Amino acid sequence: MASIEFVTVDVFTRQRFGGNPLAVVPDAGGLSTEEMQAIAAEFGYSESTFVLPPEDPANTARVRIFTPTDEIPFAGHPNVGTAFVLGRRGEAFGRPVGEAMVFEEIAGRVEVALAREEGAVVGAEIVAPRPLAIHYEIDPALVAACASLTADDLAPGWQPVMASVGLPFVFAEVRDLAALGRAAPLRQAFAEADRRHPRDDDHFAVFLFHRLDDHIRARMFAPLSNTEEDPATGSASAALAAHLAALDPASDFPFDRLIVQGVEMGRRSEIRVRTSKTAGTVAPVRVSGACVPVLAGTIAL
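Here the sequence shown stands for residues 1 to 301, where the numbers follow the working numbering.
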């Protein structure tokens, strides 16, 4: 029986069985889109990646990203984890990979830099492929209902928005950690929100956050993509960083924050987001984190 290699890694963590798990197929040549989708559904992780030869030989690889239900244009932890896997292998499709890589994705070119400690690859930093786009303002009551909260649980003065740097999310700041801890996805409300705000690139997903002195705590719910809760969401963290930087009245400054996610799931994740703002313009966001290998094996086809 034909088979194909896979590996899994935990992303945005240094602790095995923490962070966000990712399945990577390092050489997906010959797989159909339907097979990729079926494999992603079988793993059941928030995303799985399938690595293919690049269309432009100047780039490292073409990377396709699948949730259990759909292919998506971009995501953070799949890029960090895939770079970690290829960096540890040292090659892709017979060519050595350097400290910097470029992945071709639906959302565009994703630039990647490996992170090393004592010569060993321990993680990666990626650059979001698109500038910040604010798609809609969202009714606070609708967003709160999706998270089984009320509008009073949201932070005063915060307008929920759908925003993206490659993949759209709805962002809502909650009043305190108690509200963040009470949140739980309500599928019926998500279905209504998805009908009211349909998109071709993904289903309605909500990223809740609360700002603390030294970091931001967050949770992400996407039940319509079969991800009741995500332990770490790099693409959402990147968009939030860009949005917070854009809202800051200061015209010029560096932006460097740690976003902690997955705590309520027992899979603490640490996502570093960095950008800068010059003359009111927010630079492309950089997302970084550590990874640890977990599983390796073959998939029977």
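Hint data in this document are derived by calculation from the structure and do not stem from the laboratory. All of these numbers come straight from a predicted model, not from anything done at the bench. One should not assume that every hint holds.
Stated by the list, open to error - Here are the simulated lysine to aspartate or glutamate pairs, EDC-like style, with alpha carbons at most 16 Å apart: (1) Lys277 <-> Asp248; (2) Lys277 <-> Glu264; (3) Lys277 <-> Asp252.
Hint check:
At most 16 Å may separate the alpha-carbon atoms for a hinted pair to count; Lys277 and Asp248 meet this at roughly 9 Å. Pair hint Lys277 plus Glu264 does not hold up; C-alpha atoms about 32 Å apart against a cutoff of 16 Å. A threshold of 16 Å between alpha carbons decides the hint, and for Lys277 with Asp252 the separation of about 5 Å falls inside it, so the pair holds.
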